[in-house]
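Turn these sequences into a full structure, and let the hints guide you.
Spelled out, the chains give:
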Amino acid sequence: MSHALRRILVTGPLLVAVSLCVFALSAALPGDAASSRFEKRPQLMEQWRKARGLDDPFVERWWRYVTGIVTRGDFDRSHLDDQPVGGELVAKLQATFELTLVALLLAILLGLAVGILSACFPRTPIDYAGNLVALCGISVPVFWLGMLMIVFFVNTLGFEFSSNRYDPDLDLRGFATGLVLLEAPLRGRFDVFASAAKNLMLPALALCTIPMAVITRMSRAAMLEEMGKDYATTARAKGLRRRTVVLKHVLRNALIPITTITGLQFGGLMGGAVLTETVFSWPGLGRYIVERGVQARDTPIIVGGILLVSTVFILVNLAVDLLYGVIDPRLRRGG
Amino acid sequence: MRGRRLKVLLRNRAAVVGAALVAMMALAALGADLLATHDPETRQQVFRAPPSSEHWLGTDENGFDVWSRLVHGARASLLTALSAVGFALLVGVPLGLAAGWYGGIVDGVLMRVVDVLLAFPSVLLAVAIAALAGKPSLTTVVFAVGVVLAPPFVRQVRAAVLQVRAQEYVTAARALGATDARLLWRTVLPNCIAPILVLATLSTGIAILDAAGLSFLGLGPPETSPEWGVMLTKAFRYLLHAEQWILLPPGLAISLTVLGFNLLGDGLRDAYDPRSSYSPPAAGAAPPPASSTKGA
Numbered sequence: 000m001s002h003a004l005r006r007i008l009v010t011g012p013l014l015v016a017v018s019l020c021v022f023a024l025s026a027a028l029p030g031d032a033a034s035s036r037f038e039k040r041p042q043l044m045e046q047w048r049k050a051r052g053l054d055d056p057f058v059e060r061w062w063r064y065v066t067g068i069v070t071r072g073d074f075d076r077s078h079l080d081d082q083p084v085g086g087e088l089v090a091k092l093q094a095t096f097e098l099t100l101v102a103l104l105l106a107i108l109l110g111l112a113v114g115i116l117s118a119c120f121p122r123t124p125i126d127y128a129g130n131l132v133a134l135c136g137i138s139v140p141v142f143w144l145g146m147l148m149i150v151f152f153v154n155t156l157g158f159e160f161s162s163n164r165y166d167p168d169l170d171l172r173g174f175a176t177g178l179v180l181l182e183a184p185l186r187g188r189f190d191v192f193a194s195a196a197k198n199l200m201l202p203a204l205a206l207c208t209i210p211m212a213v214i215t216r217m218s219r220a221a222m223l224e225e226m227g228k229d230y231a232t233t234a235r236a237k238g239l240r241r242r243t244v245v246l247k248h249v250l251r252n253a254l255i256p257i258t259t260i261t262g263l264q265f266g267g268l269m270g271g272a273v274l275t276e277t278v279f280s281w282p283g284l285g286r287y288i289v290e291r292g293v294q295a296r297d298t299p300i301i302v303g304g305i306l307l308v309s310t311v312f313i314l315v316n317l318a319v320d321l322l323y324g325v326i327d328p329r330l331r332r333g334g
Numbered sequence: 000m001r002g003r004r005l006k007v008l009l010r011n012r013a014a015v016v017g018a019a020l021v022a023m024m025a026l027a028a029l030g031a032d033l034l035a036t037h038d039p040e041t042r043q044q045v046f047r048a049p050p051s052s053e054h055w056l057g058t059d060e061n062g063f064d065v066w067s068r069l070v071h072g073a074r075a076s077l078l079t080a081l082s083a084v085g086f087a088l089l090v091g092v093p094l095g096l097a098a099g100w101y102g103g104i105v106d107g108v109l110m111r112v113v114d115v116l117l118a119f120p121s122v123l124l125a126v127a128i129a130a131l132a133g134k135p136s137l138t139t140v141v142f143a144v145g146v147v148l149a150p151p152f153v154r155q156v157r158a159a160v161l162q163v164r165a166q167e168y169v170t171a172a173r174a175l176g177a178t179d180a181r182l183l184w185r186t187v188l189p190n191c192i193a194p195i196l197v198l199a200t201l202s203t204g205i206a207i208l209d210a211a212g213l214s215f216l217g218l219g220p221p222e223t224s225p226e227w228g229v230m231l232t233k234a235f236r237y238l239l240h241a242e243q244w245i246l247l248p249p250g251l252a253i254s255l256t257v258l259g260f261n262l263l264g265d266g267l268r269d270a271y272d273p274r275s276s277y278s279p280p281a282a283g284a285a286p287p288p289a290s291s292t293k294g295a
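Note that the protein sequences, when read in sequence, are chains A and B. Numbering that gives the first Met the number 0 puts the first residue of the first sequence at 0, with every later residue one more than the last. Numbering that gives the first Met the number 0 puts the first residue of the second sequence at 0, with every later residue one more than the last.
Keep in mind the hints are simulated off the structure, nothing from the lab. Ideal placement from N, C-alpha and C gives every residue a C-beta, glycine not left out. It is possible that some hints are incorrect.
What the hints assert, rightly or not - Chain B side only, calculated, beta carbon under 7 Å to chain A, not exhaustive:
hint, residue
1, 8
2, 90
3, 92
4, 93
5, 97
6, 101
7, 105
8, 115
9, 119
10, 127
11, 133
12, 137
13, 231
14, 232
15, 235
16, 246
Written as structure tokens, this is what we have:
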């Protein structure tokens, strides 16, 4: 069975297991929002639970929930005001996805560059500086870094700070997705793009430090490992320039472990985004889960939000695994 | 054996710096009562005062002495992180031993559970567990972070056991009539200590970051308790007002502690497993000393 097919087949059961786990949360959460909502009228609570089908057997509720999501995109309704939570969850997910994606792209660019430079000049000041940056990236709490950046950019440099994703006065009618930054240039709306990019810049810069550190270290180690192999020496010996060997031969082989670690970073980013979003008031899913879900104890928001993030995480890892086949032809057959 | 590894560790300058940072924070945590100049939870006469001889790092907006809160925060942070790592060890090591030793169904089931747990972004998983555990406190933080840290231990220990299991000394011990329990405890586990030690050290750094993050999100101890994450939460509220220096002490304390654990963990890995750090020379470069590379 091919590598790709096997990976796809494993993902199905994993998604089912994850959805069961997350849904079990809803049964176990102590003191849901509903109990305070109906505090004065316990008999209404009974009626409400019956109407919402909350007393049905666990498996039945889980099946109803999952089929609701798959067939209608219905993420159940809030326990606070009985409004559907799906629309808001998906909108927030798009904001988080955009932030995470830009942060990851920044991290890949910076991390690869620093890692390759460090590997080309090992044990020089360049290498030590790169190592220091990487160490700080995994040691400095991202929310503190965000605060420092706000103080520096906003207070000292007079940068305007807004908690919106783009200027609210802009007319966004006709935009099909919530991925404003990605859709704007496709529609030729560069005013929207500029506004969205400006608001995204600071949180993305703060968030990119974590994966950047890991990518830097991994690419340095992988590059050094590959540079010592015979084919690299041969390529140099036959007269190829060092730059050609490093960028065309060595980098291509080093990309395999780098891709693995990069894919794994995505999940950490989606989680780390909770903190960044809170600091920069970015209207993303992580902050929404914490503020509207956990703090307000609104179970459907917690369950739906965590399910969405985990699903994206699993699918991204699947995509990374499939990408191996492209990067490493040896994995296309068997493997 | 131990002496040689200690020597490698001590020759590694980064690891020594890391150990020094960790030792400094541990001393602050142990001697918090002696080092603190005031009670960390008693309001002083002045609010948001700048550093002075009376209040070395000033006072915050509640009138708490920042220096005293900082050293007591070291105690809270280290205690939380070490408890969380302890929890992860207690859960992860036995499960990893079982998975690697017995294989078969035990292994299959445990590894699938680990896969599912790893399918959640860790900070969000911790948020969900903290929410599950009810009233926010340091105990819920320990539990949440501990659960998040455990799966890598299961994997790491399992992998180590698989390597050790096939060794001849294990077969020899079994031939001498050792029971499974004795084999695991006396023969297998001692030979898996190195990767566990490295992972535990690196995990402590992660635990400090995660615990501070949970506190920052309001899922940790109450606002008056001296804890670094809580101190940052309060500093955050006054972010764009005058007293921004109040951001620095808790943030620097967290960063330096985590940096210490990371440097020490890297050093331990290099000392125990030179292969992980051996980087063949680049074209034309001199062969590197075994301790200089940090493979992630």
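Indices of hints not satisfied (ascending)
1, 2, 3, 4, 5, 6, 7, 12 and 14
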